[in-house]
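Chemist: Given only the sequences and the hints, what does the whole structure look like? Please build it.
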Amino acid sequence: MDMSQILVALLAAPLAAALAMAALPSKSVPRAAFVALHVASLAAVCAAGTALVVSVLTGPEVYALGAWFHVDRLAALFVALIAVIGTCTGVYSIPYVQHDVEEGRLDPSQVKQYYVFFSLFLFSMLLTVASNNIIMMWVSVELTTLSTVFLVGVYGTKLALEAAWKYVIVCTAGVAFGLFGTLLVYANAADIMADAHQAVFWTAILPYAGQMDHGLMMIAFVFAAIGFGTKAGLFPMHTWLPDAHSEAPSPVSGLLSGVLLKCAMLVVLRFLILAALCVGPEFPQVVMMILGVLSVCYAALMVYRQSDIKRKLAYSSCENVGLVAVCFGIGGPIGIAAGLIHCIGHGLVKSLMFCLSGNVMMKYRTRDLGAIRGVVRVAPVTGALLAAGCLAIAGFPPFALFVSEMGFVLGGVAAGQAAVVAIVVAALVVVIMAFAHVITGSVLGEAPDGVERGDVGPLALAPEAVLLALIVWMGVAMPGPLAASIGDATGIVLQQDMQEVAHDGLFVEISGVFAGGAEGVRP
Amino acid sequence: MLELMLLSLGLSAAGAVLSLLLMRAPAAAKAAACTLGMGAAAASLASGVAAIGSPALLANLGGPVPFADLTVLFNPLAGLLVAVISVLALVAWLFGLSYFNEYYDKGVGALGCFMNLFVASMMMVILCDNAFWFLVFFELMSLTSYMLVIVEGDEKSFKGGFLYLVMAHIGFLMIAVSFFLMASACGSLEFAAFRATAFDPALATAAFALAFFGFGAKAGIVPFHSWLPQAHPAAPSNVSALMSGGMIKIGVFGIMKVCFDLLALSGGQLGWGVLVVVVGAVSSVLGVVYALGEHDLKSLLAYHSVENIGIILLGVGTGIVGWACGNLWLAGIGLMAGLYHLVNHAMFKGLLFLGAGSVLHATGTRNMETLGGLARLMPVTAVCFLAGSLAISAIPPLNGFVSEWFTYQALIGAAMAGGIGMRMVFAFAVVALAITGALAVTCFVKAFGVTFLGKPRSDAAKAAHEVPASMRLGMAALTATCAALGLGAAWFTPIMSGIAASVLAAPAMPAAAGTALVSLETVSVTSPLLIAVLLAVVVGACALARNAANRAHGLKVDPEPWACGYAPDVHMETLASTVAAGVRGFMGPLYGIREGVNSAGAAVAGVFGRAFEAGACGQGTAPAAPSREQRARVPLSESVMSVLRSVGAWFSRLEGGDFRTYIVYIVGALVFFLALIILVR
Amino acid sequence: MLDFSLVNVLGACLIITSMAVVLARTGRVSAQFYALQSAVLVALFVALGAVTGSTELYLWSASAFATKVLLVPGILLFTLRKVGDSADVDLPPKLSPMKCVGLVAVEVFVCFVAVSGIDLPTAAAVKPTLAVALAHFFIGLTCIVIQRSIFKQIFGYCLMENGSHVALALLAPQAPELVEVGIATDAIFAVIILAVMVCRIARTTHTLDADDLAELKG
Amino acid sequence: MIELTVAVIQVLLLVLLAPLASGVTRKVRAKMHTRQGTSIFQDYYDLAKLWRRCEVQPGGAGLVSRAMPPIFLGTMVIIAAGLPLIARACPVPLLGDVITVLYLMALPRFMFSLAALDSAGSYTAVGGVRELLLGVLVEPALILTLMVLALACGSTNLGVMADSVASLAAYPPVAVVVAGVAFACACYVEMGKLPFDVAEAEQELQEGPLAEFSGPSLAMLKLGMSVKQLVVASLFVAVFLPFGAASVATPLGLAAGLVLFVAKLAFVMLAAAVIENAVMRVRYQYLGRYTWFVFGLAALSFVFLVIGI
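Residue numbers (the working numbering), protein chains in the order written: chain A, 1 to 523; chain B, 1 to 681; chain C, 1 to 218; chain D, 1 to 309.
Misleading hints may appear alongside valid ones.
Stated by the list, open to error - Derived coverage of chain B by chain D (criterion: at least 3 residues anywhere in the stretch with Cβ under 8 Å from a Cβ of chain D; other residues may be distant):
1) 100 to 106
2) 403 to 415
3) 427 to 438
4) 446 to 460
5) 519 to 533
What the hints assert, rightly or not - Label-pair distances were calculated between CB atoms; the ranges are:
6) D:4 with B:6: 25 to 35 Å
7) B:643 with A:197: 24 to 34 Å
8) D:275 with B:533: 34 to 44 Å
No lab work stands behind these hints, which were simulated from the structure alone. Note that CB positions come from ideal geometry on N, CA and C, so glycine has one too.
Modeler: Here it is in structure tokens:
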């Protein structure tokens, strides 16, 4: 089958599933029907996504519907992320929703709402990463907000509704800035290009980026960085993030934090590429660096002082996105590659952690870390996974985030940004302290009375196990195709020939360090 | 004319010496000081008037120090200032003939001596054309006026005097630094050398800014105004008139001299003018807002000096803007408006201070709340004070209106000529002037109404009597001057225009035709004389008709006002605070600014105070540092954690739960980065 | 040039109507003013279409008429009926009308200064309107920030959206219709979702006061 | 010579029409209250009767109280003579400057408030102070709107402004229109209509500052206040609605201008009367909100002027 058809199918499947579920009445149709459709949607996304990613990584870029959709190797990484994490959290959703229904927290119409918007959410994220039309890109980012509002507020409690309202207001307001950035880019390109109709396509603008007006492009990039940065959760636009993540159902939190933030980062990256071609890399890098460093420092402190497990994780997302931004701010092949690896690694780790927090909440019925003690005694598998997850998110080897953080340090020092590296590393130490507290205080210790012993069901553990395996795999020995595609994606970001990037002496050296570091910790 | 000036200085010196010598005989000392002072003032008035119409005269008088000759420059601007101060001095001495009787037991001899020296030093500051001597006389002027402030000898006057001395020295230092900047760049202390040098723009701007704030401190512009309402009321009223009407004008004169004269070759930067206009606008509004809150008649008048200096600076600033843009009309009209208001303010403020002095003389109090009903007992003073109030409120056809009219025209003309930024600045200035004008009306309704109208609210007020002839004569003279400057504006305007032209070294702008005042660029005319004639005719006709009706149908006097059926009572009367409270209710934000300025001032004073204390106490009294053992007991990790926690808690306040502030953060981030773009480019 | 000045005049009318939306006492009046403003917006599109000769803009104006003049106010009025007409009467904005108007004036000015720094050939003749569009966006933000009633905050979103729409029309008059449809649909969905949220919040918390939605904090 | 005639006609027109305008306003109020109301000529009867009454002065009052009614009326008459009402040009250009007019308006206000303090009555004084404060509140807005118009027309002379507005040469148009709205609001305040009628304030302060006047003085003052309302309304008509005023001083054009002016003035006064009866009376403390809002409008018009729309 033609790859562009697969791309269309990839986009259409979750949309169709969502529409189909929306059409079914919630009262009379059994929940199993929704679950079945949900699983079908996940399966389609997983299968089509895998096929597409494999094809793009080994072959040419894929276009669909004229030039409206476009998946290059950069986007492919994110499609893969959506497919993997979407599937995992989607599968995890089934026992989670089951549990909530049994607890009486969700009624049938809310279950339907959950599944409908879950698929729609997947669709909107796929649309975001696959869009080539920059205005559609904005529309799809806006759509991700709209499709997740009811997921965040699905429980219908006052706090959930409050979180949902804040989420939608802050994000629509923030993302609207992105539209202005987009429009400025479009108007600028339309003035230069012979065919103004082509000026909406990112790939069409790219060759003309160098001729655009410098001042306008800077303004456009600032608008885009602020606008899409809101969605990505960068300080000081991150304010919706802790509220939405903490009130949403855990799988949704995982998907929001693991994937959505990264999709927004991809959009920022797309604009960064244009801006760097036009005004040179320094200005966009400074912007990213400022946003990133502020995010890391602020969020590290907040991670440290939070006692609500999901808020803690949410701030940790902010911190990690900040780190990604710092990596992009450092620039150069190593910085970009580290940023991309961090995107993937953090996506996996954070969805793992949110799913585990879901397990913990199923057992303890609270999110207060003060009340959560001795997880490993109550639910041994969950506890073990949680400990591993905490270590992973704190950036210990042999997990994926260690690789990217090492890359960040090396890249930063190589780029002469030692001061930034020192500040960020200090903040990371605070994060390590915070998660060490989680391990010592909550995973270990005596279990409180009144908590039923015994782990959650296997269906609620399998996705986490898969995720952890992937994390370790990436950390220990990065699969060759993945490493190569990260190299290619870095080439796209830097707009340099991939071969040239690959042969850049330092890059080769650092890649060796990645591999060697990973080898070194292998038992 | 220089000879006349020297004669005047000599008479002043003689008056000072004689007054001091006759200290034991107060009446003789007073008579000697006043008569010789009046003679000096008359001589200097003549020389000043002569100088207005003559070309500039530069003369070297030699001098005792080898490195700086006493050079004088007698140009039309200096002539104007000399004339204005001479008029005030003349009237002040005249007023003093009776007024100083109160000071027989407070050292009238010293008073006469210092007042003579004060007037003479003001003249010398104006004329001096050498940086060293300028500073010397400037300092002498501050010192002698300080002596005059503390002549009352009570706590309040010492406090006001001290503040005045401190402020005057801050100003003096800034001016000195400014002059030395210029002197070191051109290698001479002669102003002639300054004006022949084209300074580096950055140096010129620094020199201008320093001089502006230095002279501004003398003039009482807003960040440096706090001394004015404390020092001026403390001095004898005729000295207050001389200080408020005359001395603070020397601050404005200094600003003009530095900008248009000393920096003539290197100056004319738009930013200077904008600075002056903005400071002027702020001073004018805050000055009148402060004034409204005052119940002390002389403090109120002193605050109005802040306001009027603001208005003068609006004109001068517009002049600088026009000069910088090469818009000769704007430069001429703006400067002319400023100069005209300078003269006017000297006249009506002198008049009002003399009026306040008369009230003080007659009742022994300056607190308006305890006065009232003086109009019946002191009709001449009341009429003069009313005329001054109308003039300072810029009500046509008196002189305040003329200069404010030109100021408005200049501001609107500047807005017409300028771009976006200029339009915003000048709209701000126009609105500030409008608020000022409206508030000034309120303030003087309060000042005049509460003091002179209604019924007496205290025994002192009931026992008031009209003041002696020499005091009445002094007030009447200034009233006449105010009226003349208003009604005869069409004749005075060309003179002012000529002075402005000489300052700018440009042809004079026509600003009057026949009896009309003309504003060319804003295509408008007005005529105080016509208004006066029409008012006289129409109001007179109305009054005659009404009186005829009264005669035909009767006119009775009912002793008590209507009070809802109750017996009227003194406590029912409207007090000054009533008026102020109303304004306070509506102008809340302005009062907020005022409080902010006050607290900022207090904070600065506190810092200085603490620094002073620290310096005085030395190192011995520092609190004992916690011992090493005590500190070691806290584990490092614990302290780090507590620091992290408290910093985190502080940061977490950023996320207070209100999502509307979150949106503001986003906008803030945007603004920050857009500013970064501007910085980068 | 008269044509472009017509566009600019309509732009100014947008500002005035949006102030009316922000300052209106009740949600109903706001909705009516919003409809009026959208009508002005449609007129602006038509005028712009006539001036630039871009046929897409006529289509835009048609779709804007359907969605913004009819649909959105309809949805909002319907929502208002559901939550009760008087639900937001006792929730005055955080800022007095004068400060609000002053703020708007400052925003318009700042936006104009910002826009005047941009040199885009497409936007040269319509700079005031572009400033208006940008200012509109910030007026919407202002509306969100100063309103206590969450229902009124929807209007803030709508105003921002209108601002973006105008900017789109000015800067990208030749953009494919599908883009415009996408944005318009997006906006409609956003309004629907916000309206549903308002209904749910009103049902759950029995208030529309944004100050009550501040329990989740750092 | 023709200019002088025009000026005299204007003065006579406004002075003679003033009681009628206030009578009509009362009639409108009565009709809106579904009452019969007094005759529209009632004010003439009142004035005539007051004129023939014996005057009673309060004991404390002096020259200021005595001088105030003539000054009030006289100043209004002088202002009326200078406005470009029936022709586009000012009949007496020397009186036609905006700043002059506004500062001339301050004279009666000054004297009015002083007279209120003069009689030593507490009620009169409070009313007088309020009148004064209202001036403070409305002045900035008035000046700013007129500055907008001055910048749009290139002159501070009312005649030039009127000419420029009438020939649609005032640029930028939206700024002028918004300024017009703001000016209309400011004029409404200045006219002393509800809810801004602090000077009258019958209910709470029993005719406020007028309490101590009687007989011919009161008649003159009442007439002056009615004339002031008309003068302020005419100021608005003169600069923002100059359409139809004679551009050339031909007798026919002037006659047409006169008729049109009366029509415009009637319209404005009727509109004001209707508004006055449709709004509620607000507490004096809240007036600041309204006037600051007007100032906000004025500021907006200025921003529009600056950005050129």
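Chemist: Where does the structure disagree with the numbered hints, that is, which hint numbers, in rising order?
Modeler: 1, 6 and 7
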